[in-house]
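Engineer: Residue numbers (the working numbering), protein chains in the order written: chain A, 1 to 496; chain B, 1 to 153.
Derived by calculation from the structure, the hints in this document are not laboratory data. From the three backbone atoms N, C-alpha and C, an ideal C-beta is built for every residue, glycine too. Hints may be right or wrong, so weigh each one.
Unchecked claim - Quick list of simulated restraints, FRET-style, between CB atoms:
no., chain 1, residue 1, chain 2, residue 2, range
1, A, Arg426, B, Thr125, 29 to 39 angstroms
2, A, Met163, B, Asn33, 31 to 41 angstroms
3, A, Glu15, B, Ala56, 52 to 62 angstroms
4, B, Cys14, A, Lys222, 55 to 65 angstroms
5, B, Thr125, A, Glu429, 38 to 48 angstroms
6, B, Gly7, A, Ile341, 53 to 63 angstroms
7, B, His61, A, Gly292, 31 to 41 angstroms
8, B, His61, A, Lys381, 45 to 55 angstroms
Here is how the chains run, residue by residue.
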Amino acid sequence: MDTILFALSVVFRPENLLFAFIGCLIGTLVGVLPGIGPTAAISLLLPTTFRGDVVSGLIMLAGIFYGTQYGGSTTSILVNIPGEAASVVTCIDGYKLALKGRAGPALGMAAFASYIAGTFSVVLLTLVAPPLAEMALHFGSPEFTAMAVLGLTLLISLSSGSMVKAFMMAAVGVILGVVGVDPTTGAPRFTFGFYELEDGVGLAPVAMGLFGIAEVLANVEKITQEQRSIVIEKVKGLLPNLQDWKDSAVAIAQGSVVGFLIGLVPGGNTIIASISSYALQKRISKRGDKVGTGMIEGVAAPEAANNSATGAAFIPLLTFGIPTTPVMALLLAGCMVHGVIPGPLLIKEQPSLFWGLIFSMYVGNIMLLVLNLPLIGLWVKVLRIPYGILFPLIILFCLVGSYTLNNSLVEVGLTAFFGLVGFFMRKFEYEPALLILALVMGPILEESLRRSLTLSGGNLEIFFHRPIAMSILLISLLFLISFPVTRMIRKRKAEA
Amino acid sequence: MNVRNAGSALFFVCVGVAVLWKGLHLGLRSDQNMGPGFFPILAGGALTLLSLLLFAQTIRHRKSAEPRVSFWVSRNAWEKVFLTFLVTAAYPFMLNLVGFFLSTLILLIFLFRAISRLKWWVVWTAGVIAAMSFYFVFEIWLRANLPRGFWGF
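Isolated chain A (complex conformation) (with noise of 0.2 angstroms):
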């Protein structure tokens, strides 16, 4: 109860309630906008927490993060393009609804299932940290690298692409995590001799430019003067009938499980999730041979599992320290600039933060029904907004955002430079998310594994000795197995 009440202490201050309200409005609008997501508009806010209170901060982070998966069904329903890339499906139904005039109860029941997944989510977080934090207390330096171990494994194998690319891009993320000064030598490491890259290559300006930056490059490709087409100009009835709830709960109760489960997994992000979960209603479902017709349902189950999967992809990093995400590898490069390291002991030594951010969603969850029911006019005018107006400022914000970290023309250089590489990278099949998620984890890898290894005296049996240690180490070699394997296994189906 003293928890409960401290952090309702913590989220009802006037800047915390601000910047929550400003995270869910930003989230909302750049989920409304087609091509630009969660990622890159927290790596183009990020520097601007970097002055204020670092739990106002991350309020407003997160409510970005949760905001977009609210708005992205908003274009997905009404000009069939995803906003944001966990609400591709949500297109299926949803536009198909809106072409039968019924787009109102589809925005309301998209905008009521995210409510509902997403509180879910954020109770389950709440009853589930602190039991983890307090496991992880126990955890050592070789728990923890077969925890990075097991992190980087899963990344891999639920790539998308190609399995052999997708490691080369956890080598590649890899080796920039290792770019600066040693810290237990002293000696420096591929800094070229630009006294700039001692302390490494920041994360910000590489997700910047890779998110930020490229998918400008990527879309200016494709630059015209025409306007999107909006179907539905103006919306009417948004609250589902009796039989759209009856119809959609089933689906909301499996999209909030399914979102969540996968929400947990490293690699296993919102767009797994909300595919997951409308492939499983298609399945379950009395009538799953009309979903994909224009059925409420099919917009019910993957809103849920997208909002509810964001609530779970906290649980990793508040308790472990390690983002599973690269949402959550900036949300980590927000504490770290602040001194805050999550982990373990965040809830003992920043309660305010852990608490204050927890119950940040629960009271956010609410500001986005209220920011996306009765303003739906109003996505629908931002959604008239040219991309050619959006892009040079979209830019803009990543070189003066990446200037103001520390002040240094170096870094503004590296967002540009990774924009190309980024934009490339799109080109070629290789994906960033990969990269940035290696070059987070590979720095906890090799800190963890030379503290072991000291411990040890260079004996790698310390791992065999540590049950814990052994055993996510035996899950992350039966992944490394198993996916290659059922990859096969698919392909040979499909040939025969």
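Once you have looked at the hints, place chain B on chain A.
Structural biologist: Frame of chain A, contents of chain B only:
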């Protein structure tokens, strides 16, 4: 053969070998502990091997049935990408020379006009409003201490 895969694989082989070579120079061990070169050797070695594997896979599937997708979306798409990148990469140099406001105005006007092909009055109005807004947000509100040019802002 997927030329993009083969080309990128060879590029990453070069990167991997360079990292491996540098890692060996940094040293594998120091005082009975892992040396500063241990991780670069591990990652560089892995990158080299994986790139070679990708190259081998690409060569093996030489007669791929996948349809060829052109690199650029349209004929002059590369110009837009090139010009956008050029002005983006030039921005830090402009910042250093003429300060935040002027360099930002140049960047925005160039992108609005050359890439987005907006009308001149829209270009100037949007450019000035955006540059001033960024100045107020970052310099005045967030006190970011942006570079000053000869005008003092």
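Engineer: Determine for every hint whether it applies to the structure shown.
Structural biologist: Quick rundown of the hints versus the structure:
Evaluation of the 29 to 39 angstroms hint for Arg426/A and Thr125/B yields a pass: the beta carbon distance comes to about 33 angstroms. The given range of 31 to 41 angstroms is respected by Met163/A and Asn33/B, whose C-beta atoms sit roughly 33 angstroms from each other. Against the hinted window of 52 to 62 angstroms, the Cβ-Cβ separation of Glu15/A and Ala56/B comes to about 57 angstroms, which satisfies the hint. Between Cys14/B and Lys222/A the beta carbons are some 31 angstroms apart, a value that contradicts the proposed interval 55 to 65 angstroms.
At about 40 angstroms, the beta-carbon gap between Thr125/B and Glu429/A stays in the expected band of 38 to 48 angstroms. About 41 angstroms separates the C-beta atoms of Gly7/B and Ile341/A, a value inconsistent with the hinted range of 53 to 63 angstroms. For His61/B paired with Gly292/A, a C-beta distance near 33 angstroms keeps the hint of 31 to 41 angstroms intact. Checking the proposed 45 to 55 angstroms range against His61/B and Lys381/A shows it holds: the Cβ atoms sit about 49 angstroms from each other.
In this structure, the earlier hints numbered 4 and 6 are contradicted, and the remaining ones agree with it.
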